[in-house]
Amino acid sequence: MNPYIPILVIGAIGFGFAAFSVGVAAITGPKRYNRAKSEAYECGIQPSPQAAGGGRFPVKYFLTAMLFIVFDIEIVFLYPWAVTFDKLGLFGLVEMVIFILTVFVAYAYVWRRGGLEWD
Amino acid sequence: MFTSPILDYSLLAPILIILAGALIGVGVEAFARKEQRAPLQLGIALVSVVASFVQLLRVRNVRSLKAAIDSVAFDGATVFMQGSILVLAFFALLLIADRGNFVAQASAIPGSQDEHSSIAEGKSQTEVFPLTLFAISGMMLFAAATDLITLFVALEVLSLPLYLMAGLSRRRRLLSQEAALKYFLLGAYSSAFFLFGGAFLYGYSGSLSLTGIATAIDVNSGNDVFLLIGIVFLMVGLLFKIGAVPFHSWTPDVYQGAPTPITGFMAACTKIAALGAMLRIFYVALSADVVMWRPIVTVISIITMLVGAIAALSQRDVKRTLAFSSIAHAGFLLTGIIALNQSGLKASLFYLVAYGFATIGAFAVVTLVRDSAGEVSDMNRWVGLGKKSPLIAGAFCLFLLSFGGIPLTSGFIAKFSIFTAAYESGNTTVVVFGVLTSAIALFFYLRVIVMLFFTEPKSDAVTVSVPSLKVKLVLAASVIVTIVLGVYPSLLLNSAQSFASFLR
Amino acid sequence: MTTRTDLVYLIALPLFSSAFLLLLGRIADKWGHFFATAISASTFGIGLYEFFAMRSRSGDFRAATQRIFEWISVGTFKVDASLLLDQLSICFVLLITGVGTLIHIYSIAYMSHDRDRRRFFAYLNLFIAAMLLLVLGDSYLNLYVGWEGVGLASYLLIGFWNERPAYATAAKKAFVANRVGDVGLSLAIMIAFTQFGSVTFSGVKDAALHASSAALTALGAMLLLAAAGKSAQFPLQSWLGDAMAGPTPVSALIHAATMVTAGVYLITRSNFIFDASSTARLLVVIVGAITLLFGAIVGTAKDDIKKALAASTMSQIGYMILATGLGPVGYAFAIMHLLTHGFFKASMFLGAGSVMHGMNDEVNMRRYGGLGKVMPITAVTFGLGYLAIIGVPPFAGFYSKDKIIETAFNAGGARGILLGGAALLGAAITAFYMTRVVVLTFTGQKRWADGTHPHESPSLMLIPIILLSVGSVASGFLLNKGNALVHWLAPVVDASGAEGGAELFKPIVVSALALGVVVLGVLTAVLKYRGTVPVEAPAGSPLTRFARRDLGQDDFNHRVLVLPGRAITKSLVGMDFHFVDGIVRAVGWTLSYLSLSLKKVQNGYVRSYALLMTIGAIALLATIWLVTL
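Chains A, B and C are the protein sequences, given in the same order.
For the first sequence, the numbering used here gives the first residue as 1, with consecutive numbering after it.
For the second sequence, the numbering used here gives the first residue as 1, with consecutive numbering after it.
For the third sequence, the numbering used here gives the first residue as 1, with consecutive numbering after it.
Simulated from the structure, these hints should not be mistaken for lab results.
Please note that the accuracy of each hint is not assured.
To be verified - 30 angstroms max Cα-Cα, derived DSBU-like pairs, lysine-lysine:
(1) B/K123 with B/K387
(2) B/K34 with A/K60
(3) C/K78 with C/K205
(4) B/K458 with B/K387
(5) B/K123 with B/K66
(6) B/K472 with C/K30
(7) B/K387 with B/K472
(8) B/K458 with C/K373
(9) C/K528 with C/K373
(10) B/K458 with B/K472
(11) B/K470 with B/K34
(12) B/K66 with A/K87
(13) B/K388 with B/K470
(14) B/K123 with B/K34
(15) B/K123 with A/K60
(16) C/K506 with C/K481
(17) B/K387 with C/K30
(18) B/K123 with B/K472
(19) B/K472 with B/K34
(20) C/K446 with C/K373
(21) C/K30 with B/K388
Said to hold, decoys possible - Some chain B residues near chain C, calculated using beta-carbon distances under 8 angstroms:
(22) L57
(23) V59
(24) K182
(25) Y189
(26) F233
(27) M235
(28) P246
(29) W250
(30) V307
(31) A311
(32) S314
(33) L408
(34) S490
Everything numeric in this text was worked out from a predicted model, so none of it was measured.
Ideal Cβ positions, reconstructed from N, Cα and C, are used throughout, including at glycine.
I would like the entire structure built from these sequences, with the hints used as guidance.
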């Protein structure tokens with residue numbers, strides 16, 4: 001079990017620090033309750049009980065996020081390829097072209113079916 | 001040092017062809033005109049399935065562990081399972097292509113103006129074909145993968161399209177969407193188990209490949225607790241996919257909510273892939289540690305059979321009933337893993353094909369029984385269907401008899417051989433329970449048959465719609481296979497015998 | 001047993017013809033019936049050829065086999081789809097194809113007005129194929145395939161006129177009774193496999209030599225249950241009468257000559273099991289004796305000519321079953337009675353069909369009368385069949401039935417007297433009710449419904465009847481001549497062993513006794529039914545008065561003969577309900593309770609499902625932990 005002792009130690013320290021911070025704040029901090037304090041924090045915007053448009057967020061946000069992730073991942077794959085490009089040679093090039101084409105097909109689908117239009 | 005990998009494309013081609021077909025399908029969705037899409041998609045899907053099958057036949061005698069470095073095994077079991085997945089998927093695709101099962105516009109809110117107008121415009125969601133192809137490729141890879149990462153990727157590739165397709169039902173859309181969400185959440189949960197289990201096995205053996213794990217078990221290096229947790233968590237992920245108790249709870253809800261052709265596809269093909277992967281993991285990686293896992297697999301198998309058979313008794317919905325029957329069959333199939341011998345593998349392969357055909361046939365019948373609002377899956381309204389449409393009802397009975405394991409149907413030979421294999425390996429308990437639960441299940445199947453044929457039909461608007469050519473093909477194939485495998489099983493048993501081997 | 005020959009054509013021909021006709025559909029409507037008949041005739045031809053080929057071979061080489069393909073090969077369990085044609089099966093092959101072909105010919109005319117004649121013939125061919133498979137299979141499993149096949153063909157044919165309302169219950173009854181029988185057969189196969197490791201006849205025979213008597217008795221009892229289901233024997237006899245809803249040629253072929261005798265075949269084929277277990281034999285004779293009396297008594301109460309004949313079939317098969325239970329000597333006599341019965345009962349059924357054909361499908365014998373004059377040929381052939389069944393020498397039934405009665409008396413001790421007495425009593429009642437049928441149908445005054453113009457049937461129907469009645473005259477004499485059949489069957493049923501006990505009576509005394517009771521039965525019937533036949537033509541209120549008196553008569557029969565039987569049945573059923581059914585109910589109740597509680601777990605909430613999965617995973621971990629530590 002030796003190799004795990006450091007992990008245990010780190011875990012214990014982490015837990016201890018969290019407990020310590022909360023505890024110290026509770027003991028030493030000034031306690032002034034007001035209305036603003038009891039409200040949920042929402043990036044400085046006045047919190048509303050419901051999101052605009054009947055409680056539903058438009059699916060557009062979600063679509064954009066998904067597209068971002070798709071291309072983000074493409075980049076993630078491109079980096080290691082770029083690093084080992086000389087060692088992989090032609091094989092790597094072909095595979096990467098296929099990979100990009102594949103992602104491109106998905107992109108074409110999104111584009112043609114109106115996924116990129118905001119309204 | 002980094003060297004470029006060597007891939008054996010001819011052996012990967014069956015999977016690659018399906019993936020290419022799927023990509024072309026996505027392209028068609030992007031560029032083809034609305035009214036051209038459905039026939040084009042069906043054509044592409046069928047052609048790629050057939051082409052993939054042909055390629056598989058061409059390389060069926062090749063045996064290699066190096067198809068994709070060390071992560072895909074191309075052995076007898078792979079060929080057989082990929083072949084059966086392709087054949088069953090072919091018929092499932094025909095069923096999927098039959099009109100009126102899928103939603104007009106999936107993004108429209110159920111019951112909204114959007115939905116009505118999309119129906120009026122005659123829209124249809126043809127993405128289901130590329131999604132099916134993606135799922136098929138995942139299944140094929142899942143049955144062949146020999147390392148934990150590839151297994152996980154394949155698991156996700158096969159699961160994600162299925163989550164989506166489960167939500168595409170044309171009628172009762174809320175139920176369908178609920179099913180899809182449930183399937184997704186629980187599926188993600190089980191995937192997490194699978195991944196976690198994989199991590200523990202890596203921690204135990206220092207290797208991701210199944211043979212590496214087997215070696216580690218052999219020399220008994222590493223931490224037994226890790227191995228134990230690894231096996232159990234990996235098992236949770238796999239048992240979830242085949243629908244074994246207590247990881248079965250999604251099955252009835254999803255089977256009921258999903259569009260019927262998708263349910264058929266899921267029931268037949270996913271089972272092959274998931275059981276295929278499970279067989280490979282247990283036979284190749286964990287066989288040395290059999291004393292540890294055999295007792296639990298036995299217990300799970302018994303509980304699964306019992307729960308499946310007993311719960312089916314009180315169901316009133318045909319699709320839910322078939323779901324519980326599929327759970328019971330998962331239990332029977334687990335006996336093939338428990339047997340852990342060559343005849344167990346052979347019997348499992350045969351069982352999967354026999355069960356797959358009967359299942360697709362049964363769901364094909366379900367798509368035909370309709371009233372003005374669409375499919376009628378309430379069993380009480382199936383009463384007396386034998387009078388209205390003896391042929392279709394007769395076919396349904398045949399499939400039920402096959403599920404029940406009545407002689408002269410494929411189900412009998414399947415059950416018989418899988419129980420024999422388990423018996424030969426000395427696992428009598430599971431065989432005894434298997435036979436007992438078969439008897440319970442039989443009670444239920446016979447009740448349905450009596451209901452269909454010997455009860456007066458109610459004056460009801462339920463009709464059996466005239467099957468289209470595609471559905472006719474599916475039904476004919478399922479009936480013929482079910483009977484032929486029952487009367488002349490050597491046809492498939494012999495080839496199952498010759499393909500029943502794992503490369504290590 | 002080394003002779004090999006191509007037997008598969010016997011089965012393949014009618015099977016393919018059946019599939020062919022069903023698949024072709026309406027295109028084959030014009031010639032389908034001729035095609036099917038030709039196929040049936042050609043199987044008869046093959047049967048004859050095989051028979052003569054077999055006769056030309058010397059004793060040990062007579063049985064022929066053919067291995068068609070390896071059927072199931074699972075682990076150590078291997079079954080081939082193999083056929084076996086020996087001295088026993090050839091008798092059946094000839095009976096099935098011969099009588100079958102005649103009935104095909106008859107049906108061409110009988111079904112000529114039916115829209116679905118082609119389908120009917122396709123089913124008939126299917127039946128022939130399945131029945132041939134049943135008698136040619138060389139293992140219990142192959143036999144089982146044929147067994148289910150004839151069941152299927154039988155349902156299809158009973159239900160052929162499914163617009164008839166009685167069909168539903170009839171088919172249901174037949175379905176249930178046969179399923180019970182099938183369970184018997186499948187249990188028998190399982191017992192054979194687990195105890196003897198083989199399901200072929202020869203394998204089981206070898207293993208039976210040194211098997212425990214408990215296994216043999218259980219196997220015998222299960223085989224008897226199977227036979228009772230298929231052959232309408234007590235206590236599974238009830239379906240046969242209702243099965244008469246099918247077209248008459250079907251009743252003649254399936255429910256008189258061939259399929260219902262499959263039980264007799266099964267027991268004779270399994271002679272090595274019954275020879276080795278006296279308990280199983282005792283069960284067989286009890287079932288046989290009860291059924292032969294039961295059927296005969298029911299026969300006296302039926303007004304429907306087909307149901308009367310059906311009851312008589314039940315009773316005659318009772319004789320055969322009784323004979324098979326009498327040990328090695330009985331088998332040959334059972335088969336002899338089976339063959340002669342095949343002829344005379346088929347001829348009478350076809351005769352009944354001919355009568356119905358002329359009488360607008362009327363089946364009530366009280367609406368017949370005096371038909372002998374308008375249908376002379378039918379009347380004469382029916383009369384020959386009648387003489388055969390009641391056992392008047394030198395007609396066929398005399399030889400075969402007499403032998404059975406004789407053997408029953410020779411069973412020894414009180415058992416012999418009881419069984420012989422039952423057989424003798426059965427013969428008397430048979431004479432009574434068959435005379436009643438003949439008297440009511442062919443003699444006396446006309447009691448036809450208005451607008452009926454009875455006429456003799458076309459020659460296409462009469463020729464088969466005539467040929468069959470030739471059989472019912474001569475077959476008994478021929479089979480009995482020099483104990484021909486007994487010697488022929490000797491290698492199969494192994495009658496060389498213990499000849500029955502000491503003769504209780506001399507054969508001639510038994511014959512005289514049998515003849516005596518037959519004459520008594522005939523006279524009673526003649527006296528009884530001559531008196532009640534009305535002089536008036538049946539019309540208006542005289543008809544109703546006549547009918548009422550007639551019903552009184554019927555009520556009498558009903559009260560004296562049927563009601564006690566029914567009371568007994570009822571109490572038996574009551575016991576069944578409370579006891580056997582009680583257990584079944586308890587099991588069913590427990591299962592549905594469990595099932596409903598499982599339903600509660602399936603509550604539809606993802607959170608509960610996820611919780612269940614988590615608990616499951618933890619339980620798995622804990623179990624393994626406990627197992628391995």
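Now for the hints, and whether the structure bears them out:
{"no.": "1", "hint": "B/K123 with B/K387", "in the structure": "violated (36 angstroms)"}
{"no.": "2", "hint": "B/K34 with A/K60", "in the structure": "holds (23 angstroms)"}
{"no.": "3", "hint": "C/K78 with C/K205", "in the structure": "holds (17 angstroms)"}
{"no.": "4", "hint": "B/K458 with B/K387", "in the structure": "holds (11 angstroms)"}
{"no.": "5", "hint": "B/K123 with B/K66", "in the structure": "violated (46 angstroms)"}
{"no.": "6", "hint": "B/K472 with C/K30", "in the structure": "holds (27 angstroms)"}
{"no.": "7", "hint": "B/K387 with B/K472", "in the structure": "holds (19 angstroms)"}
{"no.": "8", "hint": "B/K458 with C/K373", "in the structure": "violated (50 angstroms)"}
{"no.": "9", "hint": "C/K528 with C/K373", "in the structure": "holds (22 angstroms)"}
{"no.": "10", "hint": "B/K458 with B/K472", "in the structure": "holds (26 angstroms)"}
{"no.": "11", "hint": "B/K470 with B/K34", "in the structure": "holds (22 angstroms)"}
{"no.": "12", "hint": "B/K66 with A/K87", "in the structure": "holds (21 angstroms)"}
{"no.": "13", "hint": "B/K388 with B/K470", "in the structure": "holds (21 angstroms)"}
{"no.": "14", "hint": "B/K123 with B/K34", "in the structure": "holds (8 angstroms)"}
{"no.": "15", "hint": "B/K123 with A/K60", "in the structure": "holds (21 angstroms)"}
{"no.": "16", "hint": "C/K506 with C/K481", "in the structure": "holds (19 angstroms)"}
{"no.": "17", "hint": "B/K387 with C/K30", "in the structure": "holds (28 angstroms)"}
{"no.": "18", "hint": "B/K123 with B/K472", "in the structure": "holds (25 angstroms)"}
{"no.": "19", "hint": "B/K472 with B/K34", "in the structure": "holds (27 angstroms)"}
{"no.": "20", "hint": "C/K446 with C/K373", "in the structure": "holds (10 angstroms)"}
{"no.": "21", "hint": "C/K30 with B/K388", "in the structure": "holds (28 angstroms)"}
{"no.": "22", "hint": "L57", "in the structure": "violated (24 angstroms)"}
{"no.": "23", "hint": "V59", "in the structure": "violated (27 angstroms)"}
{"no.": "24", "hint": "K182", "in the structure": "holds (5 angstroms)"}
{"no.": "25", "hint": "Y189", "in the structure": "holds (6 angstroms)"}
{"no.": "26", "hint": "F233", "in the structure": "holds (7 angstroms)"}
{"no.": "27", "hint": "M235", "in the structure": "holds (7 angstroms)"}
{"no.": "28", "hint": "P246", "in the structure": "holds (3 angstroms)"}
{"no.": "29", "hint": "W250", "in the structure": "holds (6 angstroms)"}
{"no.": "30", "hint": "V307", "in the structure": "holds (6 angstroms)"}
{"no.": "31", "hint": "A311", "in the structure": "holds (4 angstroms)"}
{"no.": "32", "hint": "S314", "in the structure": "holds (4 angstroms)"}
{"no.": "33", "hint": "L408", "in the structure": "holds (6 angstroms)"}
{"no.": "34", "hint": "S490", "in the structure": "holds (5 angstroms)"}
Going down the numbered hints, you'll see the structure goes against 1, 5, 8, 22, 23, while the others check out.
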